[in-house]
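Asks: Residues per chain are reported as follows:
Protein chains: 6
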Amino acid sequence: MGVHQYFKSLSDLEQIIRCPGKFKFQEHSVASHSFKVTKIAQFLGTVEEKCGQNVNWRILYEKALNHDYPELFTGDIKTPVKYASKELKKLFSDVEEEMTRKFVEKEFPSEFQAIYLERLKEGKDETLEGRILSVADKIDLLYESFGEIQKDNPEPLFLEIFEEALRTILLFQEMNCVKYFLKHILTDMLNERFTEHDELAGIAKRILEE
Amino acid sequence: MGVHQYFKSLSDLEQIIRCPGKFKFQEHSVASHSFKVTKIAQFLGTVEEKCGQNVNWRILYEKALNHDYPELFTGDIKTPVKYASKELKKLFSDVEEEMTRKFVEKEFPSEFQAIYLERLKEGKDETLEGRILSVADKIDLLYESFGEIQKDNPEPLFLEIFEEALRTILLFQEMNCVKYFLKHILTDMLNERFTEHDELAGIAKRILEE
Amino acid sequence: MGVHQYFKSLSDLEQIIRCPGKFKFQEHSVASHSFKVTKIAQFLGTVEEKCGQNVNWRILYEKALNHDYPELFTGDIKTPVKYASKELKKLFSDVEEEMTRKFVEKEFPSEFQAIYLERLKEGKDETLEGRILSVADKIDLLYESFGEIQKDNPEPLFLEIFEEALRTILLFQEMNCVKYFLKHILTDMLNERFTEHDELAGIAKRILEE
Amino acid sequence: MGVHQYFKSLSDLEQIIRCPGKFKFQEHSVASHSFKVTKIAQFLGTVEEKCGQNVNWRILYEKALNHDYPELFTGDIKTPVKYASKELKKLFSDVEEEMTRKFVEKEFPSEFQAIYLERLKEGKDETLEGRILSVADKIDLLYESFGEIQKDNPEPLFLEIFEEALRTILLFQEMNCVKYFLKHILTDMLNERFTEHDELAGIAKRILEE
Amino acid sequence: MGVHQYFKSLSDLEQIIRCPGKFKFQEHSVASHSFKVTKIAQFLGTVEEKCGQNVNWRILYEKALNHDYPELFTGDIKTPVKYASKELKKLFSDVEEEMTRKFVEKEFPSEFQAIYLERLKEGKDETLEGRILSVADKIDLLYESFGEIQKDNPEPLFLEIFEEALRTILLFQEMNCVKYFLKHILTDMLNERFTEHDELAGIAKRILEE
Amino acid sequence: MGVHQYFKSLSDLEQIIRCPGKFKFQEHSVASHSFKVTKIAQFLGTVEEKCGQNVNWRILYEKALNHDYPELFTGDIKTPVKYASKELKKLFSDVEEEMTRKFVEKEFPSEFQAIYLERLKEGKDETLEGRILSVADKIDLLYESFGEIQKDNPEPLFLEIFEEALRTILLFQEMNCVKYFLKHILTDMLNERFTEHDELAGIAKRILEE
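Chains as they are written, first to last, in my numbering: chain A, 1 to 210; chain B, 1 to 210; chain C, 1 to 210; chain D, 1 to 210; chain E, 1 to 210; chain F, 1 to 210.
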């Protein structure tokens with residue numbers, strides 16, 4: 001009942017651990033993830049701007065900062081569940097939206113409700129900023145899974161996540177920032193010294209060549 | 001692809017933390033919770049037997065042991081989400097069942113599939129054993145929330161969980177084991193030395209008197 | 001002084017970490033271990049039943065569920081100490097039994113004492129259910145050490161534990177469930193992708209051939 | 001050696017724990033703190049805009065997002081040390097700036113260096129956005145210390161931090177967002193249910209009345 | 001097989017957590033405990049010296065530093081077990097000594113064996129240094145339990161430990177350092193601000209007056 | 001205000017984690033590190049004594065025990081910062097000394113101030129005991145970095161720390177204890193079974209041959 005509840009809720013995002021139910025050497029909270037996605041989006045936006053695109057920075061930062069806030073209401077549900085069926089996925093979005101709406105109407109004074117409803121809605125749309133968010137979200141996921149693979153986590157799930165994240169990034173390969181990422185950043189990542197190097201580089205090479 | 005995967009999956013239940021997204025002094029995994037629920041069900045069954053009820057122990061232990069195994073596929077989704085709408089709740093059960101069925105068919109040799117499909121289905125039915133499971137599950141939840149309240153966790157959610165758990169137990173108040181619990185165990189719990197004592201005892205008294 | 005103390009004590013088993021004094025990537029509590037042993041015993045019992053053995057399920061579940069409860073009184077004492085001498089081992093069992101008896105007499109109302117004394121006594125006897133417990137206990141230990149070895153824990157102790165657990169399982173190799181385990185489950189475990197693969201497979205092969 | 005190193009460094013900020021050397025019930029990383037400060041700054045900026053101020057959102061988000069990045073090079077040095085002497089404080093800023101400059105010149109391609117030098121410099125200046133950052137940084141610190149006090153952390157340091165943070169916020173009391181914070185948010189915070197309530201409310205009252 | 005193993009074993013003492021099987025807000029390792037006991041013994045020795053006693057500092061430091069090293073072989077066995085019977089206690093000491101002897105003979109070159117056998121033997125004898133060790137060991141235990149009580153740990157065990165530790169210290173009340181401790185240090189401890197203050201001060205007062 | 005504050009401060013050293021800001025498989029506190037350095041110094045002193053050197057044991061133990069106590073005031077500042085410039089390093093020492101002096105004068109009764117000022121001053125001087133401390137401090141750092149490298153921590157920093165620690169030890173290679181360490185202990189360390197073995201042995205060989 002007030003902005004105080006909203007400020008307190010930010011700390012709850014530090015308590016939601018991503019990828020629950022699997023052993024991880026290094027855990028990441030939704031709060032940390034949101035920070036990193038926003039920083040990555042900042043870099044990607046900078047690349048787009050250098051290439052002549054017009055970036056709406058306010059929108060970009062807001063999309064990135066808020067993109068996982070609704071996990072406050074739902075937790076980090078396992079991806080396979082969320083997308084188990086089209087029908088469920090649709091229902092899930094509806095529930096998230098509904099809970100977000102209720103939260104905003106309960107906690108925010110009326111003069112702030114419209115702006116927060118706008119800020120907390122799904123940000124991955126077809127705008128330049130929405131696409132940068134989609135890419136930034138997957139780049140952080142790529143780094144999370146890379147961190148586990150590099151530390152020799154034997155769980156094959158992390159290779160699958162790496163692969164899925166890279167495939168999603170490639171859906172946006174016409175973007176300048178994705179081109180930059182693939183050429184300059186992914187290359188450095190795959191050149192890192194580590195045990196499963198061959199397997200990982202093989203997966204990446206295969207996906208890129210497809 | 002095989003029972004080895006099933007055995008490995010047991011350890012994943014140690015990685016799912018109950019009540020994600022809230023600060024807790026003491027965390028509990030789904031594996032630990034399942035152990036405690038089975039031990040509590042053992043005691044409740046013993047009370048029922050003493051009172052002349054016929055307990056099918058094999059069924060009781062299997063229900064208790066397996067009752068949260070499907071969280072392996074879905075994670076510990078926040079209860080408000082799960083029950084946000086009747087429609088969603090129904091869909092959720094369907095998804096859980098479907099994923100469980102797929103897991104059993106993929107990992108278990110065919111001669112074990114029927115028995116594991118039976119073991120992993122929803123256990124909270126109208127049988128004596130199903131009702132004991134419902135009560136045992138809520139007693140452990142009562143203890144989890146009591147533990148936080150007793151340690152002065154300022155989050156009001158734990159008082160709400162305590163209240164909700166106690167209300168659900170009272171739905172089964174005609175059972176011998178619930179009568180025993182209310183008379184002998186809850187009393188001792190509420191007599192424990194702690195700061196918020198008055199508030200907690202007040203809630204319990206109010207619910208019991210309703 | 002009452003069943004409330006017994007219910008509370010279940011949570012203390014979540015605080016006893018197995019294999020103290022050695023760095024572990026993934027820690028396991030006695031509560032989680034008890035859950036996994038009971039689930040493994042369930043599978044082993046199922047195999048025995050399929051092979052025509054008569055399994056007393058109530059007894060099997062009770063043995064598995066309760067087999068480490070006395071660690072509540074003693075902690076997880078290092079195995080080398082426990083078995084440092086025949087004399088000490090005998091004394092240790094005596095002390096565990098005595099402390100368990102005192103606990104039951106102090107916390108349980110008299111009408112439940114006999115049944116809990118029976119439930120909490122050493123379960124690894126010569127019955128089918130006792131032998132299944134012995135095997136299930138070692139299979140979970142095998143998985144715990146395998147988990148560390150697969151994550152490249154450099155501590156040689158985990159290879160020793162793996163070896164000792166496998167040797168103990170082999171003492172029961174005439175059992176149907178052990179035959180099934182060796183043929184179908186251990187094989188899959190040893191085929192997992194990991195660094196020390198050769199060394200581990202070598203150890204297992206050597207033990208099996210002896 | 002590339003933007004890859006910069007992306008990897010974001011995860012190092014998850015490893016720097018704020019307020020080292022004191023027992024805390026809940027730990028906060030620099031990454032989480034940066035996320036929360038940016039979210040708080042977003043709200044404060046919204047209040048300023050509603051009151052007719054012209055907010056440069058791009059600048060505000062960048063200041064908030066990056067304000068503790070240089071802790072990557074220095075760690076979270078205890079505040080009393082940092083400000084032990086004017087001379088040391090000045091030297092410290094110089095060192096931070098120098099290390100940031102070296103990092104940018106080493107890791108970023110030349111076309112990005114100017115923009116990142118700008119982004120990573122000290123953000124707490126006299127502009128509206130710089131002052132919002134100063135306030136948002138202290139509000140999160142206030143919440144961190146409040147969280148410990150509310151959980152009955154006996155360490156008096158957290159009362160001192162609460163006091164110091166509130167005093168700093170009051171230095172900006174002519175700002176619309178600070179007026180809003182004091183009137184609507186702080187009030188709700190101090191009305192929360194908790195043990196040390198009287199003492200904390202007393203401190204806040206005394207500071208506000210001075 | 002060599003001093004390298006001895007150096008590595010020091011890190012294992014960081015993995016043994018004191019008081020296993022009970023929820024604690026703050027955990028302490030045997031390594032940290034040994035450090036604190038040695039620092040406390042240093043202060044107590046200083047008091048004795050000021051009062052004219054002749055302190056053998058080398059002996060005092062060695063006793064304090066090494067006094068829990070044999071827990072490397074046995075773990076932190078719960079005190080009630082260790083002392084469950086005179087017979088068991090005696091056997092336990094014998095086992096610890098035997099395992100220490102074997103370790104020294106296996107890992108240390110022969111020229112160092114005598115000195116390390118001397119260093120690792122039980123240090124709590126009737127000498128001034130042995131008595132200082134007994135007191136320092138209990139003072140750290142007093143602080144550990146005080147820390148839990150002050151943070152409102154509801155487990156009554158910590159009040160019992162506090163009481164037992166204080167009683168043991170009083171057995172040495174003729175020592176100058178104990179007199180100093182009771183007069184100057186315990187008083188300040190009991191004057192600390194905290195919730196259970198009355199109960200704790202009551203216990204201490206009662207013990208001191210007995 | 002009293003020795004009670006000093007005793008309490010010892011526990012704060014358990015809360016300062018060494019090498020902040022980098023992912024580590026195993027964390028080490030300043031308290032544990034101090035314990036291990038003192039134990040290592042004990043062994044090195046023993047070697048010196050065997051070789052005919054006259055060791056002042058009281059001084060040696062006090063230097064080792066107290067060498068990182070001032071981190072209580074400053075935290076574990078990243079080494080590159082501390083030594084970023086000669087000027088800063090000097091200022092840093094001054095600040096540490098000043099804060100230590102203030103602490104001693106505030107917390108210790110006047111009769112203990114002189115002895116504690118002496119005990120808490122920088123111990124790494126040119127005396128035999130000062131040089132043993134320098135070596136022991138780096139040996140523990142060598143073991144800390146070795147532990148990470150052996151567990152396949154992909155962060156190159158740990159190879160750098162290993163290299164830097166070994167180089168510093170070699171500065172004292174004329175000492176008997178360093179000769180013993182290089183010949184008997186380092187050899188065993190480098191013969192340990194682990195993945196990055198070749199790379200690590202290569203670094204050590206190169207440094208030793210320089």
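One or more of the hints may lead you astray.
Stated by the list, open to error - With a straight-line cut-off of 30 Å between C-alpha atoms, the simulated DSSO-like cross-links for lysine-lysine are:
1) A:205 <-> A:121
2) D:106 <-> D:121
3) C:205 <-> B:106
4) B:8 <-> A:22
5) A:89 <-> B:8
6) D:106 <-> D:89
7) B:124 <-> B:50
8) E:50 <-> E:86
9) D:89 <-> F:8
10) F:121 <-> D:89
11) C:90 <-> E:22
12) D:90 <-> A:102
13) F:106 <-> E:183
14) B:106 <-> B:22
15) A:8 <-> B:50
16) F:183 <-> E:124
17) B:22 <-> A:89
18) D:90 <-> F:106
19) F:183 <-> E:106
20) F:8 <-> F:121
21) D:121 <-> A:50
22) E:50 <-> E:179
23) E:183 <-> F:50
24) D:179 <-> A:183
25) D:89 <-> D:121
To be verified - Residues from chain E that keep clear of chain C, each with C-beta distances beyond 10 Å, as calculated:
26) 11
27) 78
28) 99
29) 112
30) 115
31) 152
32) 163
33) 172
To be verified - Just the calculated beta-carbon pair ranges, DEER-fashion:
34) D:9 <-> B:101: 38 to 48 Å
35) F:170 <-> D:101: 24 to 34 Å
36) D:157 <-> A:110: 37 to 47 Å
37) F:98 <-> D:157: 28 to 38 Å
38) C:109 <-> E:56: 51 to 61 Å
39) E:26 <-> A:51: 48 to 58 Å
40) F:9 <-> E:170: 22 to 32 Å
If you are wondering where the hints come from, they were derived from the structure by calculation, not from laboratory data.
Glycine included, C-beta positions come from ideal geometry on N, C-alpha and C.
Asks: Take the hints in turn and mark each one as holding or not.
Replies: Checked hints:
1. Straight-line distance between C-alpha atoms of residue 205 of chain A and residue 121 of chain A comes to about 36 Å, which puts the hinted pair past the 30 Å bound.
2. A hinted pair counts as satisfied when its Cα atoms are at most 30 Å apart, and residue 106 of chain D with residue 121 of chain D qualifies at roughly 16 Å.
3. Straight-line distance between C-alpha atoms of residue 205 of chain C and residue 106 of chain B comes to about 28 Å, which keeps the hinted pair within the 30 Å bound.
4. Distance hint between residue 8 of chain B and residue 22 of chain A is fulfilled; the C-alpha atoms sit about 11 Å from each other, no more than 30 Å.
5. A distance of roughly 29 Å separates the Cα atoms of residue 89 of chain A and residue 8 of chain B; the hinted pair therefore holds under the 30 Å criterion.
6. Restraint check for residue 106 of chain D and residue 89 of chain D: satisfied, since their Cα atoms lie roughly 26 Å apart, inside the 30 Å limit.
7. Proximity of residue 124 of chain B to residue 50 of chain B is assessed by CA-CA distance (about 22 Å); at most 30 Å being required, the pair is judged to hold.
8. This hinted pair does not check out: residue 50 of chain E and residue 86 of chain E have alpha carbons roughly 38 Å apart, beyond 30 Å.
9. Under the criterion of a C-alpha separation no larger than 30 Å, the hint pairing residue 89 of chain D with residue 8 of chain F is consistent with the structure, at around 29 Å.
10. Restraint check: the Cα-Cα separation between residue 121 of chain F and residue 89 of chain D comes to about 23 Å, which is no more than 30 Å; the hinted pair holds.
11. Straight-line distance between C-alpha atoms of residue 90 of chain C and residue 22 of chain E comes to about 27 Å, which keeps the hinted pair within the 30 Å bound.
12. The straight-line distance between the Cα atoms of residue 90 of chain D and residue 102 of chain A is roughly 49 Å, outside the 30 Å bound, and the hint therefore fails.
13. Straight-line distance between C-alpha atoms of residue 106 of chain F and residue 183 of chain E comes to about 19 Å, which keeps the hinted pair within the 30 Å bound.
14. Taken as a hint, the residue 106 of chain B and residue 22 of chain B pair is broken in the structure, with Cα atoms around 35 Å apart against an allowance of 30 Å.
15. Restraint check: the Cα-Cα separation between residue 8 of chain A and residue 50 of chain B comes to about 49 Å, which exceeds 30 Å; the hinted pair is violated.
16. Restraint check for residue 183 of chain F and residue 124 of chain E: the C-alpha separation of about 36 Å exceeds 30 Å, so the hint is violated.
17. Between residue 22 of chain B and residue 89 of chain A the CA atoms are separated by roughly 25 Å; this keeps the pair inside 30 Å, and the hint holds.
18. For the hint pairing residue 90 of chain D with residue 106 of chain F, the CA-to-CA distance comes to about 27 Å; that is within 30 Å, so the pair holds.
19. Restraint check for residue 183 of chain F and residue 106 of chain E: the C-alpha separation of about 19 Å stays at or below 30 Å, so the hint holds.
20. Restraint check for residue 8 of chain F and residue 121 of chain F: satisfied, since their Cα atoms lie roughly 20 Å apart, inside the 30 Å limit.
21. For the hint pairing residue 121 of chain D with residue 50 of chain A, the CA-to-CA distance comes to about 21 Å; that is within 30 Å, so the pair holds.
22. A threshold of 30 Å between alpha carbons decides the hint, and for residue 50 of chain E with residue 179 of chain E the separation of about 13 Å falls inside it, so the pair holds.
23. A distance of roughly 44 Å separates the Cα atoms of residue 183 of chain E and residue 50 of chain F; the hinted pair therefore is violated under the 30 Å criterion.
24. Only pairs whose Cα atoms come within 30 Å are accepted, and residue 179 of chain D paired with residue 183 of chain A is rejected, the gap being roughly 49 Å.
25. The suggested pairing of residue 89 of chain D with residue 121 of chain D holds, with an alpha-carbon distance near 16 Å, which does not exceed 30 Å.
26. With a least beta-carbon separation of about 7 Å from chain C, residue 11 of chain E fails to lie farther than 10 Å from that chain, contradicting its non-interface assignment.
27. Interface exclusion of residue 78 of chain E from chain C breaks down, the closest Cβ pair being 5 Å apart, not more than 10 Å.
28. For residue 99 of chain E, the shortest C-beta to C-beta distance to chain C comes to about 7 Å, within the 10 Å cut-off, and the non-interface label is violated.
29. Distance check for residue 112 of chain E against chain C: the nearest CB is about 23 Å away, which clears 10 Å, and the non-interface claim stands.
30. The non-interface label for residue 115 of chain E is consistent with chain C: the shortest C-beta to C-beta separation is roughly 24 Å, beyond 10 Å.
31. The beta carbon of residue 152 of chain E is kept farther than 10 Å from every beta carbon of chain C, the shortest such distance being approximately 17 Å.
32. No Cβ of chain C approaches the Cβ of residue 163 of chain E within 10 Å, the least distance being about 19 Å, so the stated non-interface status holds.
33. Its beta-carbon lying about 28 Å from the closest one in chain C, residue 172 of chain E satisfies the requirement of being farther than 10 Å from that chain.
34. Checked against the hint of 38 to 48 Å, the C-beta distance between residue 9 of chain D and residue 101 of chain B comes to roughly 45 Å, which is consistent with it.
35. Between residue 170 of chain F and residue 101 of chain D, the C-beta spacing of about 33 Å keeps the proposed range 24 to 34 Å intact.
36. Against the hinted window of 37 to 47 Å, the Cβ-Cβ separation of residue 157 of chain D and residue 110 of chain A comes to about 39 Å, which satisfies the hint.
37. Distance hint check for residue 98 of chain F and residue 157 of chain D: the Cβ-Cβ separation is about 20 Å, which falls outside the suggested range of 28 to 38 Å.
38. A hinted range of 51 to 61 Å for the beta carbons of residue 109 of chain C and residue 56 of chain E is consistent with their spacing of about 57 Å.
39. For the hinted restraint 48 to 58 Å between residue 26 of chain E and residue 51 of chain A, the CB-CB distance of approximately 53 Å keeps it satisfied.
40. Distance hint for residue 9 of chain F and residue 170 of chain E: a CB-CB separation of about 25 Å, consistent with the stated range 22 to 32 Å.
When held up to the earlier numbered hints, the structure conflicts with 1, 8, 12, 14, 15, 16, 23, 24, 26, 27, 28 and 37 and fits the remainder.
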